[in-house]
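Let's have the full structure, built from the sequences with the hints guiding it.
Number of protein chains: 2
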Amino acid sequence: MTESGYTIAPIGIIRSELASPEAAPRQGYEGAPEAWLELTAPVAQGLVGITVGDELIVITWLHRARRDVLQVHPRGSLEAPLTGVFATRSPDRPNPVGLHRVSVLEVAGQRLRVASMEAIDGTPVVDIKPFIPAVDRREGVRVPEWVDRL
Amino acid sequence: MTESGYTIAPIGIIRSELASPEAAPRQGYEGAPEAWLELTAPVAQGLVGITVGDELIVITWLHRARRDVLQVHPRGSLEAPLTGVFATRSPDRPNPVGLHRVSVLEVAGQRLRVASMEAIDGTPVVDIKPFIPAVDRREGVRVPEWVDRL
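Just so you know, the sequences run in chain order A and B.
Under the numbering used here, residues 1 to 150 are what the first sequence spells out, in order.
Under the numbering used here, residues 1 to 150 are what the second sequence spells out, in order.
Think of the hints as simulated: they come from the structure by calculation, not from any bench.
You may find that some hints are simply not true.
[What the hints assert, rightly or not] Sample of chain B residues lacking proximity to chain A, with all beta carbon distances greater than 10 Å (derived):
1. Y6
2. P21
3. L56
4. G109
5. R111
6. A115
7. D127
8. K129
[To be verified] Covered stretches of chain B (chain A as the covering partner; in silico rule of three or more C-beta atoms under 8 Å from a C-beta of chain A):
9. 8-14
10. 37-50
11. 59-72
12. 76-87
13. 94-102
[Stated by the list, open to error] Example chain A residues on the side facing chain B (calculated, C-beta under 7 Å, incomplete):
14. Y6
15. F86
16. V104
17. L105
Idealized CB from N, CA, C, for every residue including glycine.
Here is the structure:
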């Protein structure tokens, strides 16, 4: 490695009724509530073009996650085999980046109201990208056995 | 914001025949070559459970991107309206995180050979996650008008 690290400067923050990781569903489609994404003023013009109904990929920094965990039982189930974190969606991982699929419900200046967001209140936002089916979707993929229990 | 920044410690690096951004396709499905993901030794056990045929989301740090760009013409086309970077997949953005959908072709110790990877040689790897349809896929989404030209 020629670089020892890069600094993420959050572009905003999640405002949600979810106060703790224990209260949060594991994924957005598992009953996650609405949330506000509050962007910082310096990056607000980066939102131009986002409108109600858009599907976005929100990238967060899961600031409450553990960065020293390399293997987990997927979804906390001891019945699932101990698995490398890069083969799971565990929040605990060396760089705890979260990926969230959300729909835009409202655009209010530098704030976006979205559904469904499983990240907790105060989670830093790293990036926002449009969901584009040709890029992000693929049919007929093989999935790990433990995913059937999702 | 209560935090001014977070440090990403790369978990590995991309080894690819693509030497420069000019040589790289815009997305993996647009003719991107195979590449190797070389993980660092300290995180190698995080790969346990990844096997040939798996679909992964690789998260990179696009170290050659510009972080001071907030609006672009999507896909470099002046015919497309000037658009906020958060409404596009431009590599230029405040936190230049790249998302890449790849298939695993070979697992060799702490290295993975994957197809198709549009990131250039030397790109730092931030995270690896399994692609899970229930989480990452959604049907019938609305997409920006300029996406039709993808």
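Q) If you take the shortest Cβ to Cβ gap from A/L105 to chain B, is it below 7 Å? A) violated, 13 Å
Q | Verdict on chain A covering the region 59-72 of chain B, where coverage means 3 or more residues with a C-beta closer than 8 Å | A | holds (count 5)
Q) Counting residues of the region 8-14 of chain B that have a beta-carbon nearer than 8 Å to any beta-carbon of chain A, does the count reach 3? A) holds (count 5)
Q.
Beyond 10 Å on every Cβ pair: is that true for B/R111 relative to chain A?
A. At roughly 13 Å from the nearest Cβ of chain A, B/R111 sits farther out than 10 Å, so the non-interface label holds.
Q: Hold the hint about A/F86 up to the distance rule: shortest CB distance to chain B must be less than 7 Å.
A: Given a least distance of 4 Å, the restraint on A/F86 holds.
Q. Going by Cβ atoms only, is A/Y6 closer than 7 Å to chain B?
A. At about 5 Å, which falls below the 7 Å cut-off, the nearest Cβ of chain B leaves the hint on A/Y6 intact, so it holds.
Q) Should the label of B/Y6 as a non-interface residue stand, given a Cβ cut-off of 10 Å to chain A? A) violated, 5 Å
Q. Is it the case that B/P21 keeps its Cβ farther than 10 Å from each residue Cβ in chain A?
A. holds, 17 Å
Q: Hey, is B/K129 genuinely clear of chain A, shortest beta carbon separation above 10 Å?
A: About 6 Å separates B/K129 from the closest Cβ of chain A, which leaves it inside 10 Å; violated.
Q) Is the nearest Cβ of chain A still more than 10 Å from the Cβ of B/G109? A) holds, 13 Å
Q. Checking C-beta pairs, does the region 94-102 of chain B have three or more residues closer than 8 Å to chain A?
A. holds (count 5)
Q) Has the region 37-50 of chain B got at least three residues whose CB is nearer than 8 Å to a CB belonging to chain A? A) Result for this restraint: holds, n = 8.
In this structure, the earlier hints numbered 1, 3, 7, 8, 16 and 17 are contradicted, and the remaining ones agree with it.
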